[in-house]
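Number of protein chains: 2
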Amino acid sequence: MFIERLTIIGVGLIGGSLARALKRAGACGEIVGCGRNTANLQHAIELGVIDRYDTNPAVAVKDADRVVVAVPLGAMADLFAAIRDALSPQAIITDVGSAKATVVADARQHLGQHLPRFVPGHPIAGTEKNGVAASFAELFENHRVILTPLPETDSTAHAKIKTMWKLTKAEVVDMSVEYHDEVLAATSHLPHLLAYSLVDTLAQMAERSELFQYAAGGFRDFTRIASSEPRMWHDITLANREAILKVLDRFNTNLAQLADAIRQEDSQEIENTFSRAKAARDKLTL
Amino acid sequence: MFIERLTIIGVGLIGGSLARALKRAGACGEIVGCGRNTANLQHAIELGVIDRYDTNPAVAVKDADRVVVAVPLGAMADLFAAIRDALSPQAIITDVGSAKATVVADARQHLGQHLPRFVPGHPIAGTEKNGVAASFAELFENHRVILTPLPETDSTAHAKIKTMWKLTKAEVVDMSVEYHDEVLAATSHLPHLLAYSLVDTLAQMAERSELFQYAAGGFRDFTRIASSEPRMWHDITLANREAILKVLDRFNTNLAQLADAIRQEDSQEIENTFSRAKAARDKLTL
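So the protein sequences, as listed, match chains R and S. If you read the first sequence in our numbering, its first letter stands for residue 1, the second for the next number, and so on. If you read the second sequence in our numbering, its first letter stands for residue 1001, the second for the next number, and so on.
If you're looking for bench data, these hints aren't it; they were derived computationally from the structure. Quick reminder that beta carbons are idealized off the backbone N, C-alpha and C, glycines included. Please note: incorrect hints may appear among the correct ones.
What the hints assert, rightly or not - Partner residues aside, some chain R positions facing chain S, computed with beta carbon under 7 Å:
1) I124
2) V199
3) A203
4) F219
5) R241
6) L248
7) F251
8) L258
9) Q268
10) E271
Excised from the complex, chain R in its bound form (with noise of 0.2 Å):
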């Protein structure tokens, strides 16, 4: 068996998909499942997500050869520093957080001589939804999982986390810590400071009025990463805040000369920078 008793802690969309992949390849002896919320545990057992589940990270970890701590980003050093002491020696541990400076971090300090045998990762995947009860087995097919490897890690843990995710039919690729974070604000935790933003600005005009009656299948695309789960983009966006900012500040000025052009009824320069983002986005297969 590749892993014969994995524990997930944070069993919920993507913690959750990654039991029901990993039980479709046959990868898993046995899979406990961790959490604050029993309710949410029972019924991923209901579910044939996990075999069964501790409350307790340090019970949940015992004889664990693979740990997958899938919590929050604002919750990561307390776990760490819960299960430093009853992981087994040759258990190799990764994360799922979005961001991966603070993780890294938080390991450093926590995690104390299984440091080496934690590998940081990021699967590229999910949806607005969460809880296990929107997990599925395909969700990692195709897309791609980011690792960030530190100097100290090693090398069989790296290709054996690597391996896991391949047994999902994601893509893996390393990447350094610091360029994922750029990356990911970018293309990530921007677009949902942007949608967060419109939607609250619009919000309080809608006081008034029956602005959202008049939304269009556009404005709903647009804005569906709105229903994210607050608490969670909460993390990130703190976790990941100088990176998010320095992008910010790039949309900014270029949202700012969008701005003048139209206060100028600059027409060439209006429909030279639809233009370019039209060819760039159209580039990104759908």
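Starting from the known structure of chain R, arrange chain S on it as the hints suggest.
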């Protein structure tokens, strides 16, 4: 027959879909297409969308009892001037422009004695695709069509355009020109500007990286509208300039507050903003 001869000037996604829906409803005797691109008009005949065409608007509107103007906003004035002397005295005219103040100004200037039979309209439907090949009879089903009749609009003309859109299974509502332009600036025009500007920002960063490769589903949904036709959105942006700049100001204020909260690590403010937005977004049915 509800309409004996319908002339559609601009046989693209909107004009083509309207023709298809009215044919399906058995509401039209003959549908005459008009446009500059004969290949497109020929294709529209092959698709069964129109019965015949003429590239000269003055010829195309001859003896039509209903005329739908579906040309870009920047082409409205010239088009109105071109058809004025050829319109039959009973012809009822409508348009499908995404901003209404400029169309109304163009109509007042160029439609002459036909103004009372001009009913400004805007179907809130569309996709990021365009052209008659993308048209389909169901486009308007369960979508809103906004009419913005003028003080001088003839009530029979108004009622007939309302009935025409109801035959496409759309829900028709009346609104003032000014309110329409404010609502659309907020729910459609600003989101398009933000999507174009974000993709343009990232495209400039991406020149030296493979940034877009790591874009996930949320980004694709968020930026889909940046694939919209640049010239059309150029026209809309300039036509609805003032309302757009007003709502852009509100958005910039909201985004700057959020950026301040991130800079100051104001946890509560960040989560409150995201939660308000999620609550508003979740109310929109999908």
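Violated hints - listed by number, lowest first: Result: hint 9 breaks, nothing else.
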